[in-house]
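In the order they appear, the protein sequences are chains X and G.
Okay, so the first sequence: first residue is 1 according to this note's numbering, each after it adds one.
Okay, so the second sequence: first residue is 1 according to this note's numbering, each after it adds one.
Be a bit skeptical, because a hint or two may be false.
Which residues of chain X face chain G? A few of them, derived with a C-beta cut under 8 Å, are [as the list claims (entries may be wrong)]:
1. Gly13
2. Leu218
3. Ala222
4. Phe223
5. Phe227
6. Asn232
7. Leu267
8. Ala272
9. Gly273
10. Tyr278
11. Ile280
12. Arg299
13. Ala300
14. Gln304
Simulated coverage check for chain X against chain G, where a stretch passes if three residues somewhere in it have a Cβ under 8 Å from a Cβ of chain G [claimed, not checked]:
15. 18-24
16. 60-69
Honestly, the hints are just simulated from the structure, not real lab data.
For every residue, glycine included, the Cβ atom is placed at its ideal position computed from N, Cα and C.
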Amino acid sequence: MMDFLTTLFDMLGSASFWVATLRVATPLILGTLGVLICERAGVLNLGIEGIMVAGAFTGWLAVFNGADLWTGVLVAGLVGGAFGLLHAVLTVWLTVSQHVAGLGVTLLATSLSAFAYRVSFPQVSTPPTIEAFAPLESLADLPLIGPVLAGQTSLTLLAIALVPAIAYLLYRTPMGLALRMVGENPAAAEGQGVDVIAVRTGAVIAGSMLMGLAGAFLTLSAFNAFFFNMINGRGWICVALVVFASWRPGKALLGAVLFAAFDAAQLRLQQAGGVLPYQIYLMLPYLLSILALIVMARRAAYPQALMKPYRKGER
Amino acid sequence: MTNRIRRTLITSSLALAAAAMLPLSAIAADKIKVAAIYTVPVEQQWVSRIHKALNAAQSRGEIEYVFSENVTNADYERVMRQYAEQGKGLIVGEAFAVESAARKVARDYPKTAFLLGSSGKPQAPNFSVFDNYIQEPAYLTGMVAAGMSKSGQIGMVGGYPIPEVNRLMHAFMDGAREINPKVKFTVSFIGSWFDPPKAKEAAFAMIDKGADVMYAERFGVSDAAKERGVLAIGNVIDTQPQYPDTVAASALWNMEPTIDTALKMVQAGTFKAEDYGKYSTMKFGGSEMARLGTFEGKVPAALVAKVKAKEKAILDGSFTVKVNDTEPKSN
């Protein structure tokens, strides 16, 4: 037990642990913000897992074909947005089931990426690589957080910067107010002259762009090659994290970092050995997140019109 | 009039059918039709070796090769039956997660030869098994790893602790202990075959704790080693060209002896249920330690001599690497 506690405290005090935590958290921050924007406007977007795959693939492919890294990020965002438009057409315009449409988008985006990958690379023995984003070593001199930030890439900083930016947009601008209104009471929003369909469509596209970025982080920063199954459920975690966050950007950041910290911790605790089977450690982040979810989600105020399609003139 | 048209139609379609069948049977006589079914993409290390051997046979003109990749286990049986129905001569694949279904298919198509990766036994008359029994080169690379480690700490990141992974890790650890009995191992599994970012995180965690040689069972581990300037040991494939200053040694799996033997048997009509495991051993050329390449000269001569001697002992049968399929643990 003492051993375990020393390991734990050593870990929490080490910069490398927090470096890993932020790195693991980045795709979750971006993805969770994406889901949050969609759901705040009343649309559940289960397309996230597939949109992340598509973003990871297309962003990487652009860079592989000679584009610079930020162009790759842009491409991933645009492709994410395109799948968002598809999801919006299905759920907002045609008002089909948001669950089914979202899963459909996930399957389509995943399979299309796999197909496009194989068409682009019919004969490769190992996955081709690119030169990924490099850590920002120049930040190492900053006090306290310097060593932690120096291990990160620009994309991580972008993800963190997006949190207050999105909070500001949601709570301090007319556009954010309109977005929140269509997610709470679309009929009232309509009464105020807000075009519910347009706002929801825009929100789903914007959220999906962030999901595309979340995927691209994995192939342009965390790693330098594309693998079919590399998203590995990260999208689904984002969907849960939004509930944890009570649909608030600040708490979304907290949730993503907390989950990532659990994951970084389990990798460190697992290698220390011990009697527990490795599966327990792998389970840890999920288990602790469920516990946190129970505590946090009790008072969660979810958008009242979430998953309710809006048909103009219908009562 | 109508009758004549009908008659012409019938005769011509019969002729067409006959014409269509002739070249087919002519091809079948010299080229074996082979289908492979993989549960993962062909870039995956393990599967890439099978794919390579079959592609080689195809370019030699011996076989007609088709494959399906990324086939889920739920779909596996259907795809097997589809290929069997098409009259493939040999079906290659991996039965690990679909043992009973795959064996059922083999029973239903006794004329088709099946060669599947499996931890189980062959099943008469037509279901042969193979596996990556490359523990011998894994042992040799373990010797290199321990000899090259300054900290005496070796990190190992795996996907899942299945026998195919465990036996190589154990052989590697045994080899390392022969050089340095006090070497420390940290082992962790990431619970996925395809999550290089996660494998990389696990490797970073080990390097942070002092590991200076990493056993790269998964993609991502060598990347972490490269970024931190420590060494890595390759497994199944040779990744030294991608990581020339990082990958010191690799245990290679060559599927050619297994595939070529099976093809010969099918060609001669003598294919039967057998365990092809031995064709993955060094003696049959089924595995080898990759040449040191860029590490020629960086690995101390005394260590190279020890490894060479052990290699010789394995080849002449005076030394046998123990096969241990239990889950390896950190020590």
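Now for the hints, and whether the structure bears them out:
1. Gly13: violated (12 Å)
2. Leu218: holds (5 Å)
3. Ala222: This hint holds: Ala222 of chain X lies near chain G, its Cβ roughly 4 Å from the closest one there, short of 8 Å.
4. Phe223: holds (5 Å)
5. Phe227: Hint on Phe227 of chain X: holds, closest Cβ of chain G at ~5 Å, below 8 Å.
6. Asn232: holds (5 Å)
7. Leu267: holds (5 Å)
8. Ala272: holds (7 Å)
9. Gly273: Holds: closest Cβ of chain G sits about 3 Å from Gly273 of chain X, inside 8 Å.
10. Tyr278: Constraint on Tyr278 of chain X satisfied, holds at 5 Å.
11. Ile280: Violated: closest Cβ of chain G sits about 11 Å from Ile280 of chain X, beyond 8 Å.
12. Arg299: Because about 33 Å separates Arg299 of chain X from the closest Cβ in chain G, which is outside the 8 Å limit, the hint is violated.
13. Ala300: Violated - the Cβ of Ala300 of chain X stays beyond 8 Å from chain G, reaching only about 29 Å at its closest.
14. Gln304: It is violated, given that the least Cβ distance between Gln304 of chain X and chain G is near 37 Å, above 8 Å.
15. 18-24: holds (count 3)
16. 60-69: As far as the region 60-69 of chain X goes, the hint is violated, because 0 residues have Cβ atoms under 8 Å from chain G.
When held up to the earlier numbered hints, the structure conflicts with 1, 11, 12, 13, 14 and 16 and fits the remainder.
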